[in-house]
Structure formats: structure tokens, C-alpha cells
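Protein chains: 2
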Amino acid sequence: MLPTVQLTKFTDYAFRVLMYADAANGELVTIDEITRAYGVSRAHLMKVVNALTQAGFLTAVRGRSGGLRLARPAKEISLGEIVRLTEPDFALVECFKPDSPCVITPSCKLYRILDSSFQKFLTDLDSYSLADISIDRSVFPVAG
Amino acid sequence: MLPTVQLTKFTDYAFRVLMYADAANGELVTIDEITRAYGVSRAHLMKVVNALTQAGFLTAVRGRSGGLRLARPAKEISLGEIVRLTEPDFALVECFKPDSPCVITPSCKLYRILDSSFQKFLTDLDSYSLADISIDRSVFPVAG
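Note that the protein sequences, when read in sequence, are chains A and B. For what it's worth, the working numbering labels the leading residue of the first sequence as 247, then goes sequentially. For what it's worth, the working numbering labels the leading residue of the second sequence as 247, then goes sequentially.
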């Protein structure tokens with residue numbers, strides 16, 4: 247059994263939050279509601295929501311009856327754009343890091359090839375939007 | 247500062263071992279030699295070498311003067327093929343796992359899109375071979 251690798255939990259949660267906000271069709275949603283709907287850590291969600299708000303994916307309405315909603319129509323939010331926000335330091339191999347300890351880094355051509363192939367992954371994700379992965383609000387067992 | 251993510255150390259080491267064997271131009275190389283050249287864990291390298299040998303990337307010659315060499319010409323070993331061997335369980339998000347705890351997994355369309363985009367990453371890597379990232383043996387400070 248070889249080890250597994252995955253996009254960060256940060257990306258995973260970012261998708262979940264945006265999909266939840268999308269399912270609300272413009273109604274305000276709260277972090278507590280999203281936390282309950284997915285059964286995940288509120289602290290993690292807070293960080294994700296802050297990043298999504300700062301990046302202009304979500305609009306936060308303050309106050310007692312405040313909450314969050316998508317800042318733009320779902321069809322104008324590309325999936326590649328989300329991954330670029332949440333994985334800015336996607337390091338495919340050790341030599342991607344500035345302090346690479348690998349002795350062959352200066353001569354290595356692998357770096358550029360992996361990076362260029364990874365850009366194709368992102369470009370492909372750009373052809374899909376949040377609207378393409380839209381789900382119905384009824385799918386969430388707790389919210390409503 | 248957001249978290250980083252990377253392909254596994256297993257993939258990283260697999261590339262390094264194959265690049266080292268390629269640089270030897272058909273001469274036998276040993277695990278000890280590779281360990282010294284990169285200054286990495288011998289135990290990790292052993293697992294990687296076993297997997298690469300079983301998968302037909304390396305040929306192991308047994309005995310006191312034994313060692314390893316590429317089982318096929320470098321230009322016939324594609325980079326995508328290497329990543330497919332070393333990352334068979336590449337799970338981009340939590341829902342890729344069979345025991346996904348995410349409540350929306352049954353309705354979620356993100357899985358297929360991420361998987362399809364990731365296949366484009368692999369297909370792009372298929373257009374490059376080990377020969378494209380070949381380096382000169384003199385690059386390694388310890389070996390020779």
C-alpha cells in the first residue's frame with residue numbers, strides 16, 4: 247500500500263462552503279449552519295470563509311441577521327480560480343520549495359515539466375464553474 | 247500562509263532513483279551509492295527501488311558486484327507512467343476515498359471533474375520521457 251496524497255483540507259472545505267452558499271440561491275447562510283451541515287470543524291471553516299471573503303468569492307453581511315452569500319453568480323466562479331486561491335504553494339515535489347535540499351535541483355528539468363503539466367490541470371478546471379457542480383439544498387440533511 | 251501540498255516523497259524518490267540510474271549510462275548503481283548521492287533515507291529508497299524493480303523500470307542484478315540499472319531505455323519510460331505507479335491512490339479531495347465522510351458525496355459532481363482534470367495532468371506527463379530530464383553524472387557530488 248503506497249501513501250496517498252490529496253489537495254489540502256483547505257481546498258476541500260472551500261469547495262464545500264461555496265457549494266453550500268450556491269445551494270442557498272442568494273439567501274444568507276451562516277458558518278454555524280455550514281458547520282452543522284457537513285459536520286466539520288468550525289475553526290477550519292472560519293479560516294476558509296475569511297479567505298473566500300477576502301478573495302471576493304463570498305460577501306459577508308454583518309449583524310445579527312447577517313451571514314454569507316456568493317459574491318458573484320456561480321457560473322462566473324471557475325473551479326480553477328478556487329484551486330489557485332487555496333493551493334498557491336502547491337509543491338509537487340520537494341525541489342519546488344525555495345530551500346530544496348536536493349543536490350540536483352540546479353540541473354533538474356523535472357521541475358518545469360511537472361509545473362507545466364500541473365498548469366494544464368488548472369486550465370482544465372477553468373473550463374468548469376461552480377454552477378456546473380451545483381447541488382440542491384435538500385441534499386443537506388441538517389440545513390434548511 | 248496557506249498549507250502546501252505535494253506529491254508523495256515516494257514519487258520524489260522514484261524520480262531521483264530513475265534519474266540517477268539514467269545518468270549511469272547502463273553501468274550498475276547501488277542503493278548505497280544513491281543514498282549517499284542524495285543524502286536521503288536508505289530505508290525509504292529500498293521501498294522505492296523494490297517498487298520500481300517490480301514494475302519493470304529497474305533491473306536488479308544480484309550478487310557482490312550486483313546493482314541496478316534501467317530496465318528500458320530512458321526515452322521509453324514516460325513521466326506519466328512513473329507517477330501512475332507511485333501515486334495510484336492520488337486522492338484530490340476527501341470524497342475520493344471509499345469511506346468519504348462528506349454528506350454530499352452521493353450528489354457531488356466535483357469528484358468527476360477533478361479526476362478528469364487530473365487525468366489531463368498525467369496525459370501531459372506522458373508526452374515526456376526520462377530521457378527529457380536526463381542529467382550528467384558529474385552533477386552528483388558523491389557518486390562517480
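Careful, some of the hints might be misleading.
Same chains, same label: a pair holds when it works inside one copy or across any pair of copies.
Pairs of lysine to aspartate or glutamate residues, derived as DMTMM-like cross-links and limited to a Cα-Cα distance of at most 20 angstroms, are as follows [as the list claims (entries may be wrong)]:
| id | residue 1 | residue 2 |
| --- | --- | --- |
| 1 | Lys293 | Asp378 |
| 2 | Lys321 | Asp278 |
| 3 | Lys366 | Glu279 |
| 4 | Lys293 | Glu279 |
| 5 | Lys366 | Glu333 |
| 6 | Lys255 | Glu273 |
| 7 | Lys293 | Glu327 |
| 8 | Lys293 | Asp361 |
| 9 | Lys293 | Glu322 |
| 10 | Lys293 | Asp370 |
| 11 | Lys355 | Asp278 |
In short, the hints are calculated from the structure, not lab data.
Structure-based check of each hint:
no.	hint	in the structure
1	Lys293 <-> Asp378	neither (25 angstroms within a copy, 41 angstroms between copies)
2	Lys321 <-> Asp278	neither (26 angstroms within a copy, 55 angstroms between copies)
3	Lys366 <-> Glu279	neither (35 angstroms within a copy, 36 angstroms between copies)
4	Lys293 <-> Glu279	within (16 angstroms within a copy, 45 angstroms between copies)
5	Lys366 <-> Glu333	both (15 angstroms within a copy, 18 angstroms between copies)
6	Lys255 <-> Glu273	neither (26 angstroms within a copy, 44 angstroms between copies)
7	Lys293 <-> Glu327	within (18 angstroms within a copy, 37 angstroms between copies)
8	Lys293 <-> Asp361	neither (27 angstroms within a copy, 26 angstroms between copies)
9	Lys293 <-> Glu322	neither (23 angstroms within a copy, 46 angstroms between copies)
10	Lys293 <-> Asp370	neither (27 angstroms within a copy, 34 angstroms between copies)
11	Lys355 <-> Asp278	neither (47 angstroms within a copy, 24 angstroms between copies)
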